[in-house]
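S.K.: All chains, full assembly: derive it from the sequences and hints.
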Amino acid sequence: MYKVFVNEKKLLISKKPENLEKVLNYESFTTLEIALDLLQNTSASELNVYGEKIDEIWEEFKKLFRIIEAAGGIVNKPNGDTLFIRRLGKWDLPKGKMEKGESREESAIREIEEETNLLNVQLRDFINTTYHIYIERNGDRVLKHTHWFEMFFDGEDTSKPQLEEGITEVAWKNTIQIENEVFPNTFQNIKLIIKEFWDTKSK
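In the numbering used here, the protein residues as written are 2 to 204.
Don't read these hints as lab results, they were simulated from the structure. There's no promise every hint is true.
[Claimed, not checked] Derived pair list, reagent style DSBU-like, types lysine-lysine, alpha-carbon separation capped at 30 Å:
hint, residue 1, residue 2
1, K91, K78
2, K196, K161
3, K54, K192
4, K4, K17
5, K17, K174
6, K23, K64
7, K63, K174
8, K98, K202
9, K23, K78
10, K101, K204
11, K54, K174
12, K204, K161
13, K64, K78
14, K145, K192
15, K64, K202
16, K196, K23
17, K63, K10
18, K145, K54
19, K196, K10
20, K101, K4
21, K202, K4
22, K174, K16
23, K4, K54
24, K16, K78
25, K78, K202
26, K91, K10
27, K63, K196
28, K17, K78
29, K101, K63
30, K64, K4
31, K161, K78
32, K174, K161
M.R.: Take a look at the structure:
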């Protein structure tokens, strides 16, 4: 199953039909173009494309876009607080595009250090990959794959925002603050990865 966010609207690609607002049975490449058109140009907030050969559908879907790979992390302190950045008025997790020759892990650590000025962050486990779509100024459609890692920090807090990247604040948030302050003012894929991370930790 693949969850992709299109302007904060959810596109779910699955083997079996799911109980979403709109459901399309995958017949051909055109089904995917119709799905994107419905999400971009109608009031539909969620849509499901389903078919047995889900990996083939996903490969066809990716052909519609230029792919950008990115990496980032959920950084926690010993008390459980999580590191967030604020950019363009929204809370976000530190992340960024992978550079040529970098591994996902190297990229995640570099981006956290650059965006938050936090050094010696410890890499732990891979969590998952999120997907979202956006349109570049030149009209290119981009599918961004962001690979997320669990990270740990237990050192001197040197955090400060990377102002040249439009980041205005770096802050540690506890669970209550995440639910009350971050979730109402963040992106759907950020909510998704945090909740997935919480689920894995509660098992």
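S.K.: Are the hints correct? Go through all of them and say.
M.R.: Going down the list of hints, with the structure as the test:
1. K91 <-> K78: holds (22 Å)
2. K196 <-> K161: Cα-Cα ~26 Å, so holds.
3. K54 <-> K192: holds (28 Å)
4. K4 <-> K17: holds (14 Å)
5. K17 <-> K174: violated (37 Å)
6. K23 <-> K64: holds (23 Å)
7. K63 <-> K174: Roughly 35 Å between the alpha carbons, so the hint for K63 and K174 is violated.
8. K98 <-> K202: Within the cut-off at roughly 27 Å; holds.
9. K23 <-> K78: violated (41 Å)
10. K101 <-> K204: violated (36 Å)
11. K54 <-> K174: violated (41 Å)
12. K204 <-> K161: Violated: K204 and K161 sit about 33 Å apart, past 30 Å.
13. K64 <-> K78: violated (40 Å)
14. K145 <-> K192: Holds: K145 and K192 sit about 16 Å apart, inside 30 Å.
15. K64 <-> K202: violated (35 Å)
16. K196 <-> K23: Given that 30 Å is the threshold and the Cα spacing comes to 24 Å, the pair holds.
17. K63 <-> K10: holds (18 Å)
18. K145 <-> K54: Given that 30 Å is the threshold and the Cα spacing comes to 22 Å, the pair holds.
19. K196 <-> K10: holds (18 Å)
20. K101 <-> K4: holds (26 Å)
21. K202 <-> K4: Holds: K202 and K4 sit about 21 Å apart, inside 30 Å.
22. K174 <-> K16: violated (37 Å)
23. K4 <-> K54: holds (16 Å)
24. K16 <-> K78: Given pair K16, K78 is violated - Cα atoms ~38 Å apart, limit 30 Å.
25. K78 <-> K202: Measuring from Cα to Cα gives roughly 15 Å; hence the hint holds.
26. K91 <-> K10: Status holds; Cα separation ~17 Å.
27. K63 <-> K196: Holds - the C-alpha atoms of K196 and K63 are around 26 Å apart, at most 30 Å.
28. K17 <-> K78: Answer violated: K17 to K78 is near 40 Å, above 30 Å.
29. K101 <-> K63: holds (20 Å)
30. K64 <-> K4: holds (17 Å)
31. K161 <-> K78: Holds - the C-alpha atoms of K78 and K161 are around 16 Å apart, at most 30 Å.
32. K174 <-> K161: Distance of about 15 Å is within 30 Å: holds.
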